[in-house]
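Use these hints to put chains B, C and D onto chain A, whose structure you have.
Number of protein chains: 4
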Amino acid sequence: MIKLCILGGGFIGRFYAESLIGRRGKDEVKVIYARREDTAVRFAKDYNVPHYFTDMEAAIAHPETEMVIIALPNYVHEEAVHLCVKHKKAVLCTKPLGRTAAEALRMTQACEEAGIFAGYLEDLCYTPKFSKSLASVKAGAIGRVLWAKSRETHPGPHSDWFWDMEKAGGGAIVDMGCHCIEISRNFIGKDILPVEVMCWADTQVKPIDAEDHAIGLVKYENGAIGQFEVSWTFRGGMDLRDEVMGTEGTIWVNSWLRTGFEMFTSGNTDGYLVEKAESSSGWQFPVGDEAHELGYTSMFIDMYEAYEKGTQPQETFYDGYVVNAIIDAAYKSAKSKLWEPVQLTEWRGQVGVKKPSVFTEYDADHWLIKEEILPNGDKKVILKKKITGEILELETWKKV
Amino acid sequence: MIKLCILGGGFIGRFYAESLIGRRGKDEVKVIYARREDTAVRFAKDYNVPHYFTDMEAAIAHPETEMVIIALPNYVHEEAVHLCVKHKKAVLCTKPLGRTAAEALRMTQACEEAGIFAGYLEDLCYTPKFSKSLASVKAGAIGRVLWAKSRETHPGPHSDWFWDMEKAGGGAIVDMGCHCIEISRNFIGKDILPVEVMCWADTQVKPIDAEDHAIGLVKYENGAIGQFEVSWTFRGGMDLRDEVMGTEGTIWVNSWLRTGFEMFTSGNTDGYLVEKAESSSGWQFPVGDEAHELGYTSMFIDMYEAYEKGTQPQETFYDGYVVNAIIDAAYKSAKSKLWEPVQLTEWRGQVGVKKPSVFTEYDADHWLIKEEILPNGDKKVILKKKITGEILELETWKKV
Amino acid sequence: MIKLCILGGGFIGRFYAESLIGRRGKDEVKVIYARREDTAVRFAKDYNVPHYFTDMEAAIAHPETEMVIIALPNYVHEEAVHLCVKHKKAVLCTKPLGRTAAEALRMTQACEEAGIFAGYLEDLCYTPKFSKSLASVKAGAIGRVLWAKSRETHPGPHSDWFWDMEKAGGGAIVDMGCHCIEISRNFIGKDILPVEVMCWADTQVKPIDAEDHAIGLVKYENGAIGQFEVSWTFRGGMDLRDEVMGTEGTIWVNSWLRTGFEMFTSGNTDGYLVEKAESSSGWQFPVGDEAHELGYTSMFIDMYEAYEKGTQPQETFYDGYVVNAIIDAAYKSAKSKLWEPVQLTEWRGQVGVKKPSVFTEYDADHWLIKEEILPNGDKKVILKKKITGEILELETWKKV
Amino acid sequence: MIKLCILGGGFIGRFYAESLIGRRGKDEVKVIYARREDTAVRFAKDYNVPHYFTDMEAAIAHPETEMVIIALPNYVHEEAVHLCVKHKKAVLCTKPLGRTAAEALRMTQACEEAGIFAGYLEDLCYTPKFSKSLASVKAGAIGRVLWAKSRETHPGPHSDWFWDMEKAGGGAIVDMGCHCIEISRNFIGKDILPVEVMCWADTQVKPIDAEDHAIGLVKYENGAIGQFEVSWTFRGGMDLRDEVMGTEGTIWVNSWLRTGFEMFTSGNTDGYLVEKAESSSGWQFPVGDEAHELGYTSMFIDMYEAYEKGTQPQETFYDGYVVNAIIDAAYKSAKSKLWEPVQLTEWRGQVGVKKPSVFTEYDADHWLIKEEILPNGDKKVILKKKITGEILELETWKKV
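One line per chain: the protein sequences are A, B, C and D, in this order. Throughout the first sequence, residue numbering follows the numbering used here, covering 7 to 406 in sequence. Throughout the second sequence, residue numbering follows the numbering used here, covering 7 to 406 in sequence. Throughout the third sequence, residue numbering follows the numbering used here, covering 7 to 406 in sequence. Throughout the fourth sequence, residue numbering follows the numbering used here, covering 7 to 406 in sequence.
Extracted from the complex, chain A is given alone in its bound form:
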């Protein structure tokens, strides 16, 4: 059993609590910290937490605090981590790890030097669908990964600080791009070096300084390409989709808006309220167990198991640092309009990984480009001469 202290009583803190409560888990939230007392009191009451504080350090230092879960706005992550280091408490930090790679690296190094357990709460790398698809990729089901795209769009976040560029560290990219980047990295391989980033970002709709819509491409050393699509301007709910192309297959994951659960309601009935949907009548697409589908339950299981066994969790602070470095490059690129290098002062993966040749030999003199059966039944083979590079096609008339 692990005794937990949650820092932050807002949306994400409550979601973390929901994923622990009522599931017959052996781990318990013992301490809650919130900036405002009414928030802390309410949280303590709602989730049956014995101790509440409005002083962050007091919460961390409390003897019932064995592990700290940081569920605070981005601009307070580093301070919270340093307090955990000071008090030698294991620490889990919500996404993004930092507002910048510099912040993230300091947090990573501080924990490593102090020898405390640190986990990066990247929930979307723990959803049941993601876990199974990653296992399939690792088992070779789709061959070598060529492209890994992740998309997260919705009509915008739920707290004021997200919309404040200074406090959040940016807009939709830092808020949601962090998920998408880490999803792509997992599919392509965490030990493959991200080389450079091209990013388009704009403020298309909202009255804010940060971007509300962005699209980015991340080149990896082995020739694979990562792509993220993020927006706070999407209409119709929350769109969470991943797509992966490999030399031998394809993966499509829809985590939220189309999951095999559809409901039509005329809106003529009293008292029925559809939560978090853009309309309260018409076709709705609910999600069964939201906390589980978003990966929260599996994420905490991995964290607690790793902590108890003394191993690394799947998502570490170092991973959070790499993500931040890619985000930094994305913001630079959005301004410079150039492909910007990913600056990693510390790289723990492979280097010098080349794009492998996957040419298929047709015979001693030719590479095979393609074989196809045409609608009228004809069969064609398209070849390339190895020496001259000339392209030619052979036909086998099937119909006479």
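To be clear, the hints were calculated from the coordinates, so they are not data collected in a lab.
Any copy, or any two copies together, can satisfy a pair, since identical chains are not distinguished.
Capping the alpha-carbon separation at 30 Å, the derived lysine-lysine pairs in DSS-like fashion look like this: (1) Lys315 with Lys36; (2) Lys338 with Lys225; (3) Lys95 with Lys32; (4) Lys144 with Lys51; (5) Lys385 with Lys173; (6) Lys36 with Lys385; (7) Lys225 with Lys376; (8) Lys392 with Lys173; (9) Lys138 with Lys386; (10) Lys138 with Lys385; (11) Lys51 with Lys138; (12) Lys51 with Lys376; (13) Lys361 with Lys173; (14) Lys361 with Lys343; (15) Lys196 with Lys360; (16) Lys386 with Lys144; (17) Lys51 with Lys95; (18) Lys376 with Lys341; (19) Lys392 with Lys341; (20) Lys144 with Lys360; (21) Lys173 with Lys391.
For chains B, C and D alone, kept in the frame of chain A given last:
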């Protein structure tokens, strides 16, 4: 923390264990019973269970057994329940409760007389999608339920005794119809009396005596209709779908074959094995966390919480009895080719529930049948005169 | 080029015209008949038809009428056909052919005796998806058909006479069941004898005498089963789905509500009107070319080609008669609560077709029931002893 | 009736013929030209064409040729157009119009100067789904378009010249990007100036010089962004999807791989062949009427109607030129790694279109950023002070 004894080390026993293990739960399997020693030993090793037995009563009577989970073939359920009663152990029984309503009623009454906790392990009434859709129905999202269909088809079960009519108590109806019937009952209302059943059943493909395909209709006292479609002849995987029509809406749930997770694999890669699919290449439709999506985790949480609080679980032995009574009527109907009454010697719900009138008044003299906008923009109102019953339409030319 | 006369200027007559107009076809509507003069005038203007009449016989007899398309209420079909016979004009009749099998048989025989071309306008047996799936079934893609279900439900038809039991000949069964029955017949084989019908029907919601919801099962001589689900109480649009199970495969067709075209609209924009949807905001599921997707264009092409070549179209009056005979049995069954025989005074297909055995031999002594790989990697084979009928399983431990 | 001459007897020429034949159209193919005599003879026989040639100019000049349809490899388009100009024949040209904008502009100007009818055969801007979604966008259903993405990926084209960079003018971008670019242009507005392009392109798998995978972003003057994703490395069939985000809504179109038609086949039946799929067993996703779903029939109807009425078709040579100019910029960008300007020597649309402000006023002092109901029922309003830019949130506790 509850100390558990699982009876049965086969497919379903292992699935139950999977849904408890590795999820940081506080409840523990302490005892395993299997008929064959090698099965018991393997189970104990795989799931770290301290005590194993090949003598069922010894397992139940063991001091570390606080609650018994029956994961045995249908023909042993009653015997196992009576042993739990004898030793005053709380008991959970897999579906179907009995092979017949008579068996189920004896099991229900024995537990109630002994005052032991008894829960009916109807997992498909605990899936995240089902739970949320049932909550929506209860909140009035789709108005009054008119029709509730549930379908479960796949290429057939995994153990010999399922295919033996005597041991199983029947074929696809008793194996899978029990799920479908209880799903419909939940949507229509568990306190609404099931009145009569019409069922078609046939052995279309398999070399067995029992039915491998069946379709049934269940009439409820309030005019709602339940429908089940079950088959062991389906090709393409496992098809688990529910559809509900209400006066104000519709629900469609696809629990297995189309859940927003799609994968194509060329089959050219070595070493990759697709489990439980009919082909190892081409488009695949995996399910993320199978145990969770099938309702196992939520089901056990409900059972354990109810046991500790001293309340009834959502699915009780009495529910299992009602399901068996409907199945009995279905088998009778399949033979007699008649609508057969559901024989419930004990009914604990409402009686005399009439189909409510839901006519909409257009004006003092007319009922509204329908209002429609035609493709060319015309609008029509179709009415019925209250007194004469005459039907007429009024048009409003929108285009001139 | 064929010169056409359309009888009926309402919803269906206009839909037929839409599927001919603006597609660069060589066939032309020359004559329109409608009961009310304003309807006829409007139709003639909208579709550029040179001649209009409010006298049906005058329209049919007109020298510019080469072929008559009956788009009239059910109770006028027979009269219209007899007038075509009298004037020796080729005739196409909308669905259902008659209100009863007796009507349909008289119409069929009258045309055959007169030697005039007669086609049954069963559009849903001509949709692009249906045509391709039927071709796949005939090519053996799913083996022997075991079950063919077709479902059509929506919130009710658009004209007064549909709701009048006398004029329509019934309710949802005769209106939409006719489609479903003929779809199933095509999949199972038009030459396979439909033997008996069980039908549940009820008036659940609407203030009418006819049924607004019905479910029926149709047994065929070869052991296959047809199923229809029809309703005028469905909420959420129009649900048109077919499902077919065969010994070697499965077909699922969704023709209307989920076809890969999805739109969300906030409803905040002025002047935008969603036609034929139940709500004007939220998620919408439009259909591209409605007339084509409903089979109208392909249906008329088949009819005109057959007429010019002097062959039979795919759907004949005789097919319409068989459908009516099945509907008659369905209505009888809904009242008698018995399986009612399909009474065909004239049967032109095969007789004495038995259900073939499809047992798979495992070895000389055993039938194979099933082979399965379990989640833990074990493989099982379930067998039946040919002589004793005993069922047993063989296991191959994959994991040690 | 229009008399047609098709240039090219290969895959696309045959597809064009299929979309005209057997649909009772009044237009007729009178002349076929192919480079190889056997191809010409076979085409003439298959589609009942009276005249065939292996001399292109002779085919164009033939008195039965009223309109020419160019279905030739990219490198012959310009030559063919100039011959049509010389002989004053109306001309339709397949996509892409040219290999470069320079070619396309010469073709456009030559036809305009000669006063001959010229249509650009951009079929994917004529699919039933596209047409209806474009109409919805124009009617305001999704507000102002912010982003329009189009994706076309499959395992590679069917003729040798596609794979030859010189003959094709490039790889996947020029082959398929032309579709995607014109789809986005239509959604965003054809009169909105495309300003600059960023493109990533690589040869990831195939043994060719041209790119087999590319992703591009196109900035439009009004702030909208177009995106194309093209690949010849996709596994699993052909993926044709469009996604549009607007200020008031969303459109998702799947034109090929998921259209509501699904089939499973075990592969155990003899003689059944699945055309154009990557595997002949397992789950298949066929398309009903391929020519219609790909827009061919609607495209030719528009072309012929426009020709007869003397108006412009929806897709003109000028549109083809704009597309080529965007492709040119894409290729430059893929090399330079910079955003490259779209160079249009002639622009016929609007200039100086600014991104409109769509801020929503909350009260005199505040802009509204967002309103949200949280999972626990709380409601929040997030605002921005107009003067200071400060962001704040107001809460209404719903639960006490």
